[in-house]
Structure formats: C-alpha cells, structure tokens
Amino acid sequence: MLAKNIKVLIIHGLGIGCHEESKQAYLQSGVQVDLIHFNQLLESKEKLANYQIINIAGGFMHGDLLGSAMCAVNQLNIHGLTDSFWDFSEKGGVIYGQCNGFQLLVKSGLLPAADGNYSQQLVTLAHNDCGSYRVAYVPHRLKNKHFAFAGLEDQVFHLWCRHGEGKLQFNDQFSTLGQAKTQTVDQIMAEHVLLEYANPETGKSTEEFPHNPNGSYLGIAGLKSSNGRIFGQMAHPEVSVFDFTDPQVFEKKEALKRGVKTQEKLVGKTIINNLVNYFA
Amino acid sequence: MPGISYKITHKSPKIVSYFEVGFSKEANLTKEVNRFLQLSLSTIWKSRTYCFVHEADVNLANLENGKPFLDPALSSCSFNSSLALKISKDLPFDYIIQAGLKPGTSDAEGMTALEQAFSASGSKLIGNEQGFLITSYYIDGQLDEQQRIGLSKFLFNPELFESQIITKAQFHQGQSVILPIVELENLMEVQELPIADFSDQQLLELNSKRKLAATIEELKYFQSVYQNPEFVQLRESLGLSSKATDVELETWFGLRSEHCFHKEFNARIILDVEVDSVFQKAIDQGWLKQVAGQLVLERGMFKTFIKDPAYAVNDRLTARGCNWIASMFSDNSGVVYYDQDFMYCLKVETHNSPSNIEPVQGAKTGLNGNFRDIMGTMQGTFDILMGFFCYCTGNPNYQGWLPKGVKHPYLILKGITRGIREAGNEMQIPTLNGLVFSDPRYIAKCLVYAGAVGWSPVKSVTGYDYRTKEPSPGDQVLIAGQAVGIDGIHGATESSLSASSEISLGHVQADFSFIQVKVKEFILDASRQGLFTAVTDLGAMGLGSASHEIARSTNGLVMDLAKHPVKYQGIQPWQINCSETQDRMLLVSHPKNLVKIQELAKFYEIELSNVGHLENNNLIQLKYQDKLVGLFQINYLFSSEPRKVLQGKWQKLIPANNKTVNEVTDLNKDLAEVLKHPDVASKEWFFRQKDFSVKGGTIIAPLFGKKLNIDSDATLQKPLDTIDRDLGALAFAMACSPKLADLDPYYSVQKSYYDLLGKILAIGGVLPDLTSPSWDAWAVCGNYCQPNSDAEYTMDRDSGLKNCADLVREGIAVAELVQEFNIPIISGKDSMKCSCTYEVDASFDLNQVPYNLRNQIKIKTLANGQRKIEIHDPATYLISGAVKINDYRKCQNPSFKFAGDLVYLLQVAPAEGLAGSAWEEVLNDRVQVSSIGTYAPIMTEDFKALAGKLAECFTQELLASCAYVHAGGLLTSIYKSVAASELGINLKLNSKGRKLSEELFSERPGRFVVSINPENQATFEKIFSKEELIPIGEVTSSEFLVNSEQGSWQLDLTSLDNSYHQTYNFGAK
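Listed in order, the protein sequences are those of chains A and B.
My numbering numbers the first residue of the first sequence as 1 and each following residue consecutively.
My numbering numbers the first residue of the second sequence as 1 and each following residue consecutively.
To be clear, the hints were calculated from the coordinates, so they are not data collected in a lab.
Values in this document were obtained by computation on a predicted structure and should not be read as measured data.
Careful: at least some of the hints might be erroneous.
[Claimed, not checked] Straight-line alpha carbon distances no greater than 25 Å define the calculated SDA-like cross-link-like pairs of lysine to any residue that follow:
1. LYS706(B) x SER29(A)
2. LYS91(A) x ASP129(A)
3. LYS257(A) x LEU85(B)
[Said to hold, decoys possible] If you want the ones that stay clear, here's a sample from chain B, every Cβ over 12 Å from chain A, calculated:
4. ALA61
5. LEU238
6. TYR311
7. SER693
8. CYS891
C-beta: ideal position from N, C-alpha, C; glycine also.
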C-alpha cells in the first residue's frame, strides 16, 4: 500500500491534548489523517474498517477524574468499542496509544491481553512513585522486537514523558486482582513488554529514579499485544518527529557546525515511518 | 451497622448510593505531614467514596466489580458499605479524616462519577441527581486532639471542605455522614429598596450590610439615578417601581467594583512631591501638570501612561508599514500579528485574594479564567498556545510568626503550584515559563499571576475575517458551560478590599476543568466556522459582567435570568446575575446560526442556554421569567462618574551605603547563599510538574542543560500551524523586580522592562525597527499588584499616600520606555489592594517578627484597646512578553558548548549598585538588618545599540551561548552556563578598581555573557566597542575557577548544585 493510501484515525475530544501534534507527526510520513471525536467513534464503530491505524493520543480525558482513562474505558465498554478495537487488530489494523492513550489500552484490558484474553485488566498504571506529575526526557530501550521500533534495537534512545499516572504494576496490596495473577508476570515479561526505561550508562532496564520516572515495575515503559498490532507506551514519540524538540538541539547544532557528528535519529519519525512501512 | 454510611437529611423519596474505592498507600503524603507537622505517623491510606443522590428506582449495585470505579490491579471497591470491612486483609488505622466540598461548590469528580455510573448501569439521568466525592484518609498512628485538628486542616482546607474526624471505635460502632446537599427554599424573591429616600447613613449601612465595597460618592451616584424622574417614569412604564431591586443593586456595585471598573487606574491623582528628575521629565512630557505647588495626573494612570503611548507606537508602526498591533485594550486580551495570516494574543491575570484563602482552587480558577480570556478574544477563534505563572509568597522554609488565620507560605506555595499545574495540564496547555519571588510581606498577601498566549488564523480558509467583534441588535446571547450555583458571590467586590481576618470567604470556588476543556473544544470548532459574532468569558461578576459588557457593543440587552441553568433550586435572580461559578463562556450569534451551534454544543457535551438577545435602546432589561427584575440605562451604568480622586506623597529614599561590609571573602559560601536565595534558586520542582512539551512545539523549555535542571529565562515555541510554513517561533519571557521598588518603583519598572528585553534578546530576539517594515511583533503585558493606594482607606495614611505616588512613578517609567523602544503594553491588569490588616492580641510583640518584616508593619491601637497591624506588599509590577522570532534555528541557549570557547561579558554599562539584588538580601540576612543600597540606571540609547550588535551576532551565528545577567548577577549566570553544560570555566576578572562583589553580583540591567568558537574571535570582536566587550576567560572541560585582583577561588560545583536546588526541593525526588 502506498503511504498516501494509508488512513490514520486519530481520536480527539474530551480532553485529549496531543491530537494536533500527532496529526503533524503522521502527515509528515505522507499518510492521510482524520481526526474523529471520541463520542463520534462511540456512535460509529463501522467507520473503523476504513482505517489502517487508530492512534489514541495523550491528554487528560475526562480530566483524569476517577483515575486516568477510567471514564473513557467505561464508555468503550458500554458501547462495545473494546471488542471492536480487538477485532480491528485481529483483522490487521494497528492500534497505537501514547500516554493517556496507553492508559486507556491498559485499563480496557487490550494491553497486554495475554493469551488473547482482553476481558480482564491484568496490569495498571498507578500514580508515580515520585508523588507528582513529572515532565522528563527519559532514556528508553527496546525489550522485544517490534515492527514499529525497527532500527532502534540495542540502543538507548530518549523520549519525552509527561504524566502523573505511569507506574506500571501488576497488583497492589488492596487490589482485587490478588496474588494469583502474578503467575502471568513471566509470560508478560517474555512476550508483551515492548519498551523499558533504561539507565543510559549501563543500557539496562531500571527501576531507579529519575531514569525510571514513575517507579514502573522492572522498568516497564510500554506493552504490546501478542500479534504486536496493539501497542503503546507512556512516552510521547509524536513530539520527537521534529529536531527542535530535542532539549539538546542547540548543543547538537553547535557540534555539527564544528564537524562533530551527533546521533541524529528522530525516534518519533522512525516509529511513524515504520508504521507506514508495515502497510507498504 | 459498622462503618460509615452516607445520608441525606431532608425528607425525600430519593436514596443514596455510594461506592468506596481504595486503598492507596500515601507514602509521599505521610512523609510530608510528618515533616511539616512534626508527627510520626507510620502510614496514611486513602480511599475515595462516590456518593450519589438519586431516585429510588435506580439500582447501581452491579457496578461494584467493574468500570468506572474498579481498577482491579490497583484497588478494591465496595457498594453501600465501608471498604475497610470488605477487604480480606485488615487495614491498619486509628483515625479516619474525611471530607467533601462545602455545600454548593462544584464537585467535578462527584458529578462525573454520577454520569459515568448512570451510563454504565443503563439508567437515564433526569437532572435532579447529585454526585459527591468524599475523600478519606485512614491514619495509622496515635494523635492528640490538637494534632488531629492540625492534620485535618493540612489535608483539607476548611475554607473549601467540610471535614470530620472519625475514630476507629466510632467507625466500628457505625457512623453516618450527612451529604452536603444545598437545600434552599425554592422561593424567588426580588427585594426592593427605596434607595431614593435613603439618608447618607442608610446608604453606608447598606454598603456594609451587602458588602458593596463602595464609597459614599459612589453610593450617592447610584441613588441619584433613582431620583431622576425620567428614569422613574421609564421604570413605571415597564412595570417596575421607583425602588431599586436587589438585582440592580448587586449588579451595579459588582460591575463598578475596583476589580471590574478600575477606578483607581482611571482616577485623577494629586501629588504632593519634591520634583526630582523623574517627575520633571513627566512634567516636560505633559503627563503631569504643576498646579498650585502640586502635581496633577489629570487623565489618570491608564490613559496617560499606557493607552496614549501605545497609540503613539501604533501610529509610528502604521507610518513605517507592517503595523503588527491588531487590537489593544478593547478585548479580553491584546492581539498582535505574527504575520499577515496569523495573529497571537497575550493576557495575564492575577488571582490574589482567592489564592490566599484557598491556594489550589484560587490559582486554578485564576489560570483557567485567564485561558477563558484567550478563548473570549474577538470571535473565539484563539487556541491557547502556552500558559505561565509568577508566584510571590513568603519563603516556604520560613519559621516564625504568622498573622492569625494566615496560611504558612509552604502551604500557599504548594497549593498554588498544584492549582496552576492542574489547570494547565488538564487543559493540555504547556506551562512554558514561571517566576517565583519571596518576601516576608507576601506572607500576609501572596500574589498569583497566571497568563497565557493564544493563537488564531486571521481568516478562515474561505476568507471569513475572524478579527471583528461586532454583534448586531437581535443577535442571540448564549451561555455555554456550567450551571450556576451560589459559589463565587461577591468575588469582584471582595477582591476590591484589602485582605483582613474579617473578610468573608464566600467567594471560594472549585473549578470544573473538564467542562472548560469541552467548552474550549466546542468554541474553537464553532468559531472557526464563523458561527459567532462575539465571544467573551465569564469571570468576575459572572453573567452580569459578561453580558452587560457585550450589551455596550450594540447598546442594549434583554435577558431572562431564569433561562440560565442552575445547579439547584432556590438561587435568587441577583445571584444568577452575579455568581462567579467557573467554566462558562458567553457567545453571541446571529439567529440563523442557532441550530448549527446547538447541534455542535450537543456533540461536544456542552450545556448551552439562550438567555436573551441584544438591543440598541440604551437599556439592559433583566427578567426573571416574564417579570422585569432589573433595568439599567447603559450610559449611566458604565459612566465613569463619579471619578475617583487619589492623593499621593513622595519623598526620595536615601540609599544606604553598605560598601564596607559587602566585599567577598569566601566565594564558595557567597555564591552558595546567592543560589539558595528564593528569587534565584532552581525552579525545577515547579516546572517538572507542569507539562511543558505538550502541543509539540517547545524548542526552548523552561529547563535547560544536560540534566534539564537549570532555569531558562526566555522560552521558545513553534506554533504547529507554522511547522511546514516558515522558520518563525514565539519567544516568551517575564520580568519583575519587586525588591527594587523599595528604593524607587520607577527603577523597579525600568529594570523589569530592560530585563524582559534582555531575556528575549539573549535567545535571539530583535527589537522593533522603525526604519524597516517587518513582523518584529512584541505582545507585552503589564500587571500591577499595588499595595493600597487610596490613603482614605489605608490604616496608615502615610503609606497610602506613598503607595499612590509610587504608582505614578511606575507609570512614568512605563510610558518613557514604551516611547523609547516602540514596544507598547497592549494588555494588563491592575490589582490595587495588595495590603492587609489584622487585629492582634496583647501578646503580639514586634520582636517576634522577622527583622525584614519588622519595619514594614504599621501598628495602630484602636479605641477598644485592641491593636491592628497593616502590611503592604511591595509594589510588584510584572511584565510579560511574547515575541516573534524569525528563524528559530539561529537561536541560542545559555549553556556553554565546547572547552576552549572564549567567554565575554557584553555590557551597556559596568556593574554598579546592589539595590534589590539577591546578594544585598544575603548581606542583610547576615547582619539581620534591612537596608537598601544604590541603583545605577542605564541609558536607553546604549542598550539599543548593544541590542543591535547582539542581533548581528545572532544573524551571523557567531555565538555558542548567550545568557542575560539578572537575578543573582554575573557569577550566578556563569554558574548556570557551567552547570548546564557540565563543562568548566577559567574566569579572569579585571574589575578595574571596582568592588569584586559588585562585579559578580550586581543585577544592573543590560549585561550578557556569551561564549564563542575561537575561530570567530576576530569577526566577533570587531562588532563591539571596547567598553561594551570584556573578555572574561574561557570554557574548560572541568573546574570552575575564578581569578581576580582580589583573590582566586576554585568553586565546588557539586556543592553549588546542591545549593541551587535545595530551596524548592519538596520531594518529588
């Protein structure tokens, strides 16, 4: 499929805040992009078939009231959209969530959906250990190979993280999930972990602040479904499509002027272009 | 039944359903309360209980095990029972401290939970249901009664919440809690007052009874309207008696409050002063007139010092071509052109009074209100690009005396930070800049500035012009957003009073950001389709202010107050018109667009009501259903009569000569103390919790450096619309020098203006050039937070007189600079009552007060023997600017780039004077004596010349780094460049006989530190004169060395880093 024939659906509305920059990020790869309001989506599931990619961008849907993405997941369930999303990916479509979008995929059960069972939420994204919302440019590494992250293997790359509820955990002391579910941890670690927060010196995954900005268990930063077509992470690659969003942009510019080469890869652009190539 | 149950009191067929969700272990909170309240609690657990009041035939029980309440990996959930009894494991606790919002306050989470629960259970809301969130903290640890009360106040501000403490024993016996339902008698009553016959005494009694905050002249002016036979006749012909209704009374004085009417900024000011060079210049300019030995500011502050100079610049820009001013003073924000296709706007608000009482919601409603100003500019087509803040509080690490009822500065600062964070993050607006100042006077009244920049195309793709705001008679008036409650009554009048322990707290409100988010999405969509003729926001005085202001554009309005949705029954008509319930916008549309607008509102989940239409008969007619309840003649309602007259008196302060004590000795210690100073210290803690990269256009973030932990001065953002279009971007900076105002507010404003320019120039900005037309746009906003300047209403009359004269001196500085730089102040706000009075008891001892507050307190003994104190904030002028940059690729940041680079100081004039500097306060602290030194002004022409040369360096890309020297002086600036780069410097200073401390720590404006690639040395040096350019060393790979005639030091970077970061390090680590 030619890039110009690939259609991307970006959900907006109800407090989603990153749809415009996500649109820009996709547009630079030459695809078609439609912004669809969350409520519109609830009423027209059949429209999904027109698209190859559904992007659920970051934001503060429903103001994070009742917990991040809780209201949105409630609405997805009520309208049967969770099933539609699953079918969409089974039929070859890709669903990609960033930040609030990732929280939605996790709390709806669509991620990690071990053994293809998405009816139960297995993990969650709890409040950051540091006690607050936090903005940081965070080192990541790829844990399991994934088509969208091709070319990013075996290296540490930085992405913007900006969230208050990003600590990935399997269960809590007073959660109803209980200990029984922890047996799935190994399976999830082996198959479903997409990204990890990394210590840039060792290149290994880390639970230590600040490289791990939220205290995520084993440094888990992103998840994928078994077929890889549902995936997401807390970070915001849609920002890292343009060189000026690198906090070291002036340092790199000066280095370049003096003939010192710096790593030039724009991670967000790589991911989006990989997604487009996936359908090529 | 053991546990907590929730009930309603009144007899009602409705029932209560509730879900308790928890428990989360609050480790950070436990640490914080243990530290702040000196407790030793082992753990605090938190749960949230969602309580719903609804019809008996709805059953929600099936939601216990699913969304929207249960996150199975995080929590458990119980239905109509206490969660602690349901969970299999014992929850260790001794007390429960729980609270819900006070009755009538918007409960965003409770109402959202209600909607989600009904939706999930398949039940339909019929509109009379209510949802409440009760937050419970389960405390593990023994506390005495005082400690319990202290903890309860820490967890829940009593101004906003109703809390209760439940012991473990009470919990196990069973405890029932009454939900905060507003029960008002559903009786509409419009009171009438025979105002025409009132004596002066009766007028004054009415004034204090209804908290009108009016003077006797203003009361009599209102009275005179009802004494006019023509008006009486008109009233009678429309079915109203000659008496004033409460709707009229409350609306009139709300609209004409200082907050809404800017009486002091329009006042005639008479000054009793010794004419110095500053006043002489103002006389020469014709701004002030000498009359009988006094100086008179005839046209008032606003017209003389802000409006006239701005229009003069407007004319000059028009004459040169490419006038980038699109709109000034007439709208909710000032608008400039980015280029021929786009425009951007700027507005900064203050929300001081509410933030003093309830910091979180005060600040949150402040920033959200400011966002609404952007949304309510022109036809509502502006998206919001960025937000920013400035906080002035006491030192959060302060320990000592506090006036009764005043919150500790830590609680204030933490609260307002949370409020600004929530508003910005929830609205998904990047917070791109911020300043924080500390002074003991701000303990009594803190200042919270919140601002935003908006962005809009000039025209739609089909060529429809978005710039006009010209509604026509017959246009419909619509309100979008929250239903109205009794929250926020008297906000406008009360913020027009000085703070005191007696101030009524009725104007505390909670924000419902989620509604505002949806309103924004709706308005942006509809306005860009050209569906509105005008849009404005509801802020102070709510519906009354927004609709009556809009009525001025066509000269008439008919409005039915009953059409505005209410949160509960029994709200009186005057309350509907005057309530400041948040998150509402007023829209005006041609009737033909109504259907389309209503469809869009439904789509975006917006409650929209059509409350009336515009007229052109000079009348505002307020109805409640069919009955007329209020009538105004527009020309009287908005008449500037009676004009206020203020008196001022000014005497030059003689600066202290502290030159004998200020030489540096141990530079490591000296710099460490400067870096710890609250005006200098790292604001990483503030910035990290406010999203600064959403919208995807942030180029220079509020933090820079390898570790992203050094404060930026100016920030830079590329609007998304321009990404494939040009290389332009918007730079943004702020400046404020409150401490210098103690010497002379004229200098303080001057320095702030220069600092703003300097910060923008240091990243690559250029000053407007009148010789060649270009889009060198500067949108600049000036915000005055002024201590009480009306001597008649100041406890200590002399300070009132001085404050008034100070205000005029600030005005003179602004007007001069605008004239010189052709950068007008296109928007702003005056907050005129930044003072407070408190009664103190016999035990009050001035010696308990910190040394630097002691001589700022005025004391007066009252007739009853009680004493009263008065504290005035410093005259705090904040200037903010959003500036067009043509090529973002040519910008720079202050971080050093390569070892071997040459470092220079570029200066308009050498370092001189320490007045208002951080170093001066460090020295004062050491000897515990307040004194203020000298300030050396600079020449505008020299500044312009240097700015031009600096711009040349940017054009040629000669600079590897550039920093503007301000708070903390030269050495602080260099420290930041070193720390950001993780490189070193070998600094070689030749202070040529001047004091090293002045060289290193003076904050005199007009100085820059740059580094360059040695290859560029010859080209670079040629640009500047010898006086402007001082080589000061070179960048090294490590080590921070300072060499001077007075000595050499190796500075310890690790320890300096700790100092820089320790002042505002409140966890989150």
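Q. Of the hints given before, which are not true for this structure?
A. Structure breaks hints 1, 2, 3, 7, 8.
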